[in-house]
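Student: Take the sequences, apply the hints, and build the full model.
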Amino acid sequence: MEKMRKQMWKRQKAIVVTLIAILCATLTHAQQSMLVYSAPVDDDFEIDKPLAEDQRAMVRDIMRTAIGILRDGQSYDPSNVDFGRSVQIWRHAKAGMSYYYENRLLHSSLVTLEERYSARDSGVDRDEIVTVPESVSIFLSPRIAGIPGAEIKSTLQLEDYWVDSHGHRVRENENGYRRPEAPNVQRFAYRSKELPSSKFPVDVQFSYLNPVDGSSPPLLESITIRRVEATSARGEHKQPCVDEMQANDNGI
25 MEKMRKQMWK RQKAIVVTLI AILCATLTHA QQSMLVYSAP VDDDFEIDKP LAEDQRAMVR
85 DIMRTAIGIL RDGQSYDPSN VDFGRSVQIW RHAKAGMSYY YENRLLHSSL VTLEERYSAR
145 DSGVDRDEIV TVPESVSIFL SPRIAGIPGA EIKSTLQLED YWVDSHGHRV RENENGYRRP
205 EAPNVQRFAY RSKELPSSKF PVDVQFSYLN PVDGSSPPLL ESITIRRVEA TSARGEHKQP
265 CVDEMQANDN GI
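Position one of the sequence shown corresponds to residue 25 (our numbering), numbered consecutively onward.
Don't take every hint at face value.
Here are the simulated EDC-like cross-link-like pairs (lysine to aspartate or glutamate), alpha carbons at most 20 Å apart as the crow flies [said to hold, decoys possible]:
| # | residue 1 | residue 2 |
| --- | --- | --- |
| 1 | K217 | E196 |
| 2 | K177 | E77 |
| 3 | K217 | D184 |
| 4 | K177 | E218 |
| 5 | K217 | E253 |
| 6 | K217 | E183 |
| 7 | K223 | E183 |
| 8 | K177 | E196 |
| 9 | K177 | E198 |
| 10 | K118 | E253 |
| 11 | K217 | D96 |
| 12 | K118 | E139 |
| 13 | K223 | D96 |
| 14 | K177 | D96 |
| 15 | K177 | D188 |
| 16 | K217 | E175 |
| 17 | K217 | E198 |
| 18 | K223 | E139 |
| 19 | K223 | E253 |
| 20 | K223 | D101 |
| 21 | K217 | D188 |
| 22 | K177 | D85 |
For the record, the hints were derived by calculation from the structure and aren't laboratory data.
Quantities reported herein were computed from a predicted structural model and do not represent experimental measurements.
Tutor: Take a look at the structure:
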């Protein structure tokens with residue numbers, strides 16, 4: 025019975041991953057998207073009861089790998105990157121590629137890698153256009169305790185400010201942002217420091233489930249690391265959602 029229950033859960037999870045991927049593709053790319061790869065269900069992939077510290081260590085490793093790719097321009101292979109097991113790949117017409125990964129230590133969590141077609145190659149033949157990394161996101165389920173914002177800032181070497189859509193540095197970030205419709209979710213946004221190894225500026229956003237009444241400790245729920253130079257197929261500059269967060273906080 026227990027084996028049957030686990031198999032049922034694995035298959036339900038595969039359906040959920042597919043639905044999330046479709047939703048992300050729809051929201052991110054307002055054009056035709058095509059599924060080019062979907063991994064079969066692997067009943068023995070996950071570890072039944074991973075240690076909490078092992079889960080935290082895995083999140084740290086994914087963050088370091090992502091910042092190396094996006095900020096430092098480190099080379100990588102989407103089919104063999106240290107994010108986990110590749111479960112789906114989507115191609116978006118005129119936009120780029122989306123890769124989805126699951127990790128055996130992180131249960132129902134999802135890691136996404138977004139690539140875009142290089143704007144510098146827009147004048148060449150479509151077959152010769154290359155993709156460049158745009159963002160990496162980690163959506164944690166269940167959420168994880170014990171990774172405070174100070175640790176994320178230190179690990180990713182972030183400034184004490186974020187940059188708004190007008191290029192202004194904003195330092196109102198100590199207590200994060202809470203939206204009226206989700207007051208228990210605390211969001212933070214930062215710009216990466218310029219280091220000797222840096223090739224691109226990077227924006228980092230992360231969020232916690234952190235009840236206003238302090239009834240439970242903060243639980244990390246998501247991290248997104250994005251190259252600032254990245255643009256969509258329509259040429260729109262992709263800024264963090266911090267402008268919207270600030271507007272909501274100010275009642276705009």
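Student: State for each hint whether it applies.
Tutor: To see whether the hints hold, each was checked on the structure:
For a cut-off of 20 Å, the pair hint linking K217 to E196 stands: about 17 Å separates their Cα positions. Distance restraint check for K177 and E77: the Cα-Cα separation of roughly 19 Å lies within the 20 Å cut-off, and the hinted pair is therefore satisfied. A distance of roughly 9 Å separates the Cα atoms of K217 and D184; the hinted pair therefore holds under the 20 Å criterion. Distance restraint check for K177 and E218: the Cα-Cα separation of roughly 14 Å lies within the 20 Å cut-off, and the hinted pair is therefore satisfied.
Only pairs whose Cα atoms come within 20 Å are accepted, and K217 paired with E253 is accepted, the gap being roughly 15 Å. For the hint pairing K217 with E183, the CA-to-CA distance comes to about 5 Å; that is within 20 Å, so the pair holds. A C-alpha spacing of about 16 Å is found between K223 and E183, which places the hinted pair at or below 20 Å, so the restraint holds. Between K177 and E196 the CA atoms are separated by roughly 15 Å; this keeps the pair inside 20 Å, and the hint holds.
Distance check on the hinted pair: K177 and E198 sit about 12 Å apart at the alpha-carbon level, within 20 Å; holds. Of the pairs offered as hints, the one joining K118 and E253 holds, with about 18 Å between alpha carbons and a cut-off of 20 Å not exceeded. Proposed proximity of K217 and D96 is supported: the alpha carbons are some 11 Å apart, at most 20 Å. For the proposed pair K118 and E139, the alpha carbon gap of about 12 Å is at most 20 Å, so the pair holds.
Taking the CA atoms of K223 and D96, the gap is about 5 Å. The hint holds against a cut of 20 Å. Pair hint K177 plus D96 holds up; C-alpha atoms about 16 Å apart against a cutoff of 20 Å. With a C-alpha separation of about 18 Å, the suggested pair K177 and D188 falls inside the 20 Å cut-off, and the hint holds. With a CA separation close to 15 Å, the supplied pair K217 and E175 stays within the 20 Å bound.
Proposed proximity of K217 and E198 is supported: the alpha carbons are some 17 Å apart, at most 20 Å. Taken as a hint, the K223 and E139 pair is honoured in the structure, with Cα atoms around 17 Å apart against an allowance of 20 Å. For the hint pairing K223 with E253, the CA-to-CA distance comes to about 11 Å; that is within 20 Å, so the pair holds. With a CA separation close to 19 Å, the supplied pair K223 and D101 stays within the 20 Å bound.
Proposed proximity of K217 and D188 is supported: the alpha carbons are some 16 Å apart, at most 20 Å. Only pairs whose Cα atoms come within 20 Å are accepted, and K177 paired with D85 is accepted, the gap being roughly 14 Å.
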